[in-house]
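Enquirer: Sequence:
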Amino acid sequence: MHTKSHVLISCFKRLTPRLFPGARCSYFCRKQSSLAMYQAVERGSPNTTDYRIYFRNSSGPISPLHDIPIYADASKKIYNMVVEIPRWTNAKMEINLKEVLNPIKQDVKKGKLRFVANCFPHHGYIWNYGAIPQTWENPEVLDESTGCKGDNDPIDILEIGYRVAKRGEVLQVKVLGSVALIDEGETDWKIIAIDVNDPIADELKDIADVEKHFPGLLKATIEWFKIYKIPDGKPENQFAFNGEAKNREFAHHVIEDVHKYWAGLIKKETEAGGISCANVTNAESPFKIEQKDAEDVIAKSPQLGSPEPIESVVDKWHYIHLK
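Note that the numbering used here has the sequence shown beginning at 1, numbered continuously upward.
Check the hints yourself; a few may be wrong.
[Unchecked claim] The list that follows gives simulated cross-link-like pairs (lysine-lysine, DSSO-like), each with its CA atoms no further than 30 Å apart: (1) Lys212 - Lys246; (2) Lys288 - Lys166; (3) Lys109 - Lys149; (4) Lys267 - Lys76; (5) Lys109 - Lys205; (6) Lys219 - Lys229; (7) Lys316 - Lys229; (8) Lys268 - Lys149; (9) Lys268 - Lys323; (10) Lys166 - Lys76; (11) Lys260 - Lys166; (12) Lys212 - Lys109; (13) Lys219 - Lys92; (14) Lys219 - Lys300; (15) Lys92 - Lys260; (16) Lys300 - Lys149; (17) Lys323 - Lys98; (18) Lys112 - Lys260; (19) Lys205 - Lys166; (20) Lys316 - Lys109; (21) Lys260 - Lys77; (22) Lys149 - Lys246; (23) Lys267 - Lys292; (24) Lys149 - Lys110; (25) Lys166 - Lys110; (26) Lys300 - Lys323; (27) Lys300 - Lys316; (28) Lys316 - Lys226; (29) Lys300 - Lys109; (30) Lys92 - Lys226; (31) Lys92 - Lys166; (32) Lys92 - Lys288; (33) Lys219 - Lys77; (34) Lys316 - Lys268; (35) Lys234 - Lys110; (36) Lys226 - Lys166; (37) Lys260 - Lys205; (38) Lys205 - Lys219.
Worth flagging that the hints you see were computed from the coordinates, not collected in a lab.
Assemble the whole structure, with the sequences as input and the hints as a guide.
Expert: Okay, structure coming up:
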């Protein structure tokens, strides 16, 4: 960061109590701290199969799955969230489990980049969508609540605050509840959360507060997941518990379970099944690599290029009628 930036931030912190009487300086300082802690590094050309987003911290390259801690503040149960897909966008971006350092890349189906359909009245994703690091839904374990095995991915999280996040951003979030999507016979938990820096974050304590402050969002969330694959010829998705959203404590329990599964993975107590467990921070992991080797991974990837155009069909609106 340039010296001028440091001076501006310092002045802003001193002026905060005068400009915003009663405001907590921590609200502004937390955001600065979060932005400085992790850096997204784009490589390749956006809207192509070689596009990747790698991650760095102050020491160098890291894996967003293995090296970003699950907790931003364990005592308050504030979690880190890796943003894969900003709200209103269509590109199906995801942490790549198979590549070293697990960069974010766009999913590919039948040789083509994957974009989710716009199902009226929704456009793209209706929340900031991402994953909680250091979690893994074990495909060999039956979920005790749903009776279905895990989907072999880090646990998904939907951030519902007012701000459209950036792809590759790492947010600090407060968990409010969860819903259990059954996707092609697999348990695919969706954790509902809000950025701790959102202006009304302190007013949301549990899942019941979502309907109070965001009326209609939970209903829209269930509808979105039921229908979003129908334009691709897939059947309507189903939910456990008839689509009922579970509360905060239930969600914390689910996250604790999938964190334990990840711990078994990174310590080689569980078969990885093709998942790259290369990391730079987990001392007990046999998959730990040197920082210079992590640097080489990014150095060998394609340089950032100009975005390729997106086909106009991505903007098409689909009208879905559920039976």
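Enquirer: State for each hint whether it applies.
Expert: Okay, the hints, checked on the actual structure:
1. Under the criterion of a C-alpha separation no larger than 30 Å, the hint pairing Lys212 with Lys246 is consistent with the structure, at around 16 Å.
2. Taking the CA atoms of Lys288 and Lys166, the gap is about 29 Å. The hint holds against a cut of 30 Å.
3. Annotation: proposed proximity of Lys109 to Lys149 holds, straight-line Cα distance about 23 Å (limit 30 Å).
4. Only pairs whose Cα atoms come within 30 Å are accepted, and Lys267 paired with Lys76 is accepted, the gap being roughly 26 Å.
5. Of the pairs offered as hints, the one joining Lys109 and Lys205 is violated, with about 39 Å between alpha carbons and a cut-off of 30 Å exceeded.
6. Distance check on the hinted pair: Lys219 and Lys229 sit about 17 Å apart at the alpha-carbon level, within 30 Å; holds.
7. A threshold of 30 Å between alpha carbons decides the hint, and for Lys316 with Lys229 the separation of about 14 Å falls inside it, so the pair holds.
8. The suggested pairing of Lys268 with Lys149 holds, with an alpha-carbon distance near 20 Å, which does not exceed 30 Å.
9. Distance hint between Lys268 and Lys323 is unfulfilled; the C-alpha atoms sit about 46 Å from each other, more than 30 Å.
10. Using a Cα cut-off of 30 Å, the hinted pair Lys166 and Lys76 holds, with the two alpha carbons roughly 25 Å apart.
11. With a CA separation close to 29 Å, the supplied pair Lys260 and Lys166 stays within the 30 Å bound.
12. Straight-line distance between C-alpha atoms of Lys212 and Lys109 comes to about 39 Å, which puts the hinted pair past the 30 Å bound.
13. As the CA atoms of Lys219 and Lys92 are separated by approximately 22 Å, the hinted pair is consistent with the 30 Å bound.
14. Between Lys219 and Lys300, the direct Cα distance comes to roughly 45 Å. Violation of the 30 Å bound is thereby established for this hinted pair.
15. The hinted pair formed by Lys92 and Lys260 meets the criterion: a straight-line CA distance of about 27 Å does not exceed 30 Å.
16. Using a Cα cut-off of 30 Å, the hinted pair Lys300 and Lys149 is violated, with the two alpha carbons roughly 37 Å apart.
17. Restraint check for Lys323 and Lys98: not satisfied, since their Cα atoms lie roughly 38 Å apart, outside the 30 Å limit.
18. Of the supplied pair hints, the one linking Lys112 and Lys260 is violated, its CA atoms being roughly 35 Å apart against a limit of 30 Å.
19. Among the hinted pairs, Lys205 with Lys166 is consistent with the structure: their alpha-carbon atoms are about 25 Å apart, no more than 30 Å.
20. In summary, the hint linking Lys316 to Lys109 is supported, as the alpha carbons are separated by about 19 Å, within the 30 Å threshold.
21. The hinted pair formed by Lys260 and Lys77 meets the criterion: a straight-line CA distance of about 16 Å does not exceed 30 Å.
22. The straight-line distance between the Cα atoms of Lys149 and Lys246 is roughly 19 Å, inside the 30 Å bound, and the hint therefore holds.
23. Distance restraint check for Lys267 and Lys292: the Cα-Cα separation of roughly 22 Å lies within the 30 Å cut-off, and the hinted pair is therefore satisfied.
24. Of the pairs offered as hints, the one joining Lys149 and Lys110 holds, with about 25 Å between alpha carbons and a cut-off of 30 Å not exceeded.
25. At most 30 Å may separate the alpha-carbon atoms for a hinted pair to count; Lys166 and Lys110 meet this at roughly 27 Å.
26. Between the alpha carbons of Lys300 and Lys323 the distance comes to roughly 50 Å, so the proposed pair goes past 30 Å and is violated.
27. Of the supplied pair hints, the one linking Lys300 and Lys316 is violated, its CA atoms being roughly 37 Å apart against a limit of 30 Å.
28. The suggested pairing of Lys316 with Lys226 holds, with an alpha-carbon distance near 19 Å, which does not exceed 30 Å.
29. For the hint linking Lys300 to Lys109, the alpha-carbon distance of about 25 Å falls within 30 Å, and the restraint holds.
30. The straight-line distance between the Cα atoms of Lys92 and Lys226 is roughly 17 Å, inside the 30 Å bound, and the hint therefore holds.
31. The suggested pairing of Lys92 with Lys166 holds, with an alpha-carbon distance near 14 Å, which does not exceed 30 Å.
32. Under the criterion of a C-alpha separation no larger than 30 Å, the hint pairing Lys92 with Lys288 is consistent with the structure, at around 29 Å.
33. Restraint check: the Cα-Cα separation between Lys219 and Lys77 comes to about 26 Å, which is no more than 30 Å; the hinted pair holds.
34. Among the hinted pairs, Lys316 with Lys268 is inconsistent with the structure: their alpha-carbon atoms are about 45 Å apart, more than 30 Å.
35. Distance restraint check for Lys234 and Lys110: the Cα-Cα separation of roughly 15 Å lies within the 30 Å cut-off, and the hinted pair is therefore satisfied.
36. Taken as a hint, the Lys226 and Lys166 pair is honoured in the structure, with Cα atoms around 26 Å apart against an allowance of 30 Å.
37. The hinted pair formed by Lys260 and Lys205 meets the criterion: a straight-line CA distance of about 25 Å does not exceed 30 Å.
38. Of the supplied pair hints, the one linking Lys205 and Lys219 holds, its CA atoms being roughly 19 Å apart against a limit of 30 Å.
When the structure is compared with the earlier hints, violations turn up for hints 5, 9, 12, 14, 16, 17, 18, 26, 27 and 34 and for no others.
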